[in-house]
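Based on the hints, put chain X in the right spot on chain L.
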Amino acid sequence: MELLLDGLSWITIISGSLFCIIGAFGVVTLPDFFCRMHGASVIDTMGLGLILLGLGFQTGLTLALGKLVMIFVFIFFTSPTGTHALARAALYSGLDPVATIKPRTRMQ
Amino acid sequence: MTILSLLCFAVLLKEMVKILMHLITLAIGLTVLWFLLSGYFIPLTLALGVISVLFVLWLAHRMDVIDHESHPIHMTAKGIGYYFWLLWEIIKSNFNVTIAILSGPRSVTPSLFKVQASQTSDVGKVTYANSITLTPGTVTILVEDNKFTVHSLTSAAKEGLQSGEMDRKITALEGFVAPGSEGAG
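Residue numbers (our numbering), protein chains in the order written: chain L, 7 to 114; chain X, 260 to 444.
Misleading hints may appear alongside valid ones.
To be verified - 20 Å max Cα-Cα, derived DMTMM-like pairs, lysine to aspartate or glutamate:
| id | chain 1 | residue 1 | chain 2 | residue 2 |
| --- | --- | --- | --- | --- |
| 1 | X | K273 | X | E348 |
| 2 | X | K373 | L | D102 |
| 3 | X | K351 | L | D50 |
| 4 | X | K406 | L | D102 |
| 5 | X | K373 | X | E403 |
| 6 | X | K373 | X | E424 |
| 7 | X | K384 | X | D404 |
| 8 | X | K351 | X | D323 |
| 9 | X | K373 | X | E418 |
As the list claims (entries may be wrong) - Now the stretches of chain X that chain L is said to cover, found in silico as 3 or more residues with beta-carbon under 8 Å:
| id | stretch |
| --- | --- |
| 10 | 343-357 |
| 11 | 401-412 |
Hints listed in this document are in silico derivations from the structure and should not be mistaken for laboratory results. Virtual Cβ for every residue (Gly too), placed ideally from N, Cα, C.
This is chain L alone, in the form it adopts within the complex:
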């Protein structure tokens, strides 16, 4: 049982970290500001979720698990609000989301 839980938490934490790295890679490589936000959203859903799940396997059914669930719930509800505020601020400060859609070569 112990071994199984350890194995599960190994798998989930490592794959969560992998998603974080991929998300960060996306933030760097994607063509414009609005596209980069999608990379960041991989980090705070899949990356965070899997890492917290892995940590949950380690804590077992204790109060710490409740705290992990709370972290997940709070980020689940606040991160889209933050992302939306960021996008709106970019839009109002004059960043054009359409600019990179048509002429792809613009970024080269």
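Relative to the frame of chain L, chain X by itself:
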């Protein structure tokens, strides 16, 4: 005359029951939160916990911030089912976006489009806009009345949203609003 006053009384009673329901659910929520964060069961800390829960209840009541908007208990029952569905959608679109990222910046097809939100209340609209943003591959960048401007990374993400399944599910949640508690925010 007596019928009228009786009616007034009934309406008043109904309002009071509603307020009481909100207060009780808030109290339960706060107590659970307190236990999770504390983990101590000594009389002193328990007493302090009770006092702080009561204080927050009084404060929230005085500030008049507990209503069906800030505290949508009518959405909880169906809401849990919805969030499980949303979680599954998030996992699927995560793989979609991951593949898009890994196959290089040239493979993405960003686009900007509008979706129509069929929700009538503010809670419903916020839930919809938040769900869109939470799903990787789509971000709500502007909300005007019932039109959301959405930026999507891939065409699969765009089509998934335009199928309107998420919109329908949230409107169904909203249908739970008890009669009498005006849905429009």
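Hints, verified against the model:
no., hint, result
1, K273(X) to E348(X), "39 Å, violated"
2, K373(X) to D102(L), "16 Å, holds"
3, K351(X) to D50(L), "15 Å, holds"
4, K406(X) to D102(L), "19 Å, holds"
5, K373(X) to E403(X), "10 Å, holds"
6, K373(X) to E424(X), "15 Å, holds"
7, K384(X) to D404(X), "9 Å, holds"
8, K351(X) to D323(X), "40 Å, violated"
9, K373(X) to E418(X), "12 Å, holds"
10, 343-357, "holds (count 5)"
11, 401-412, "holds (count 3)"
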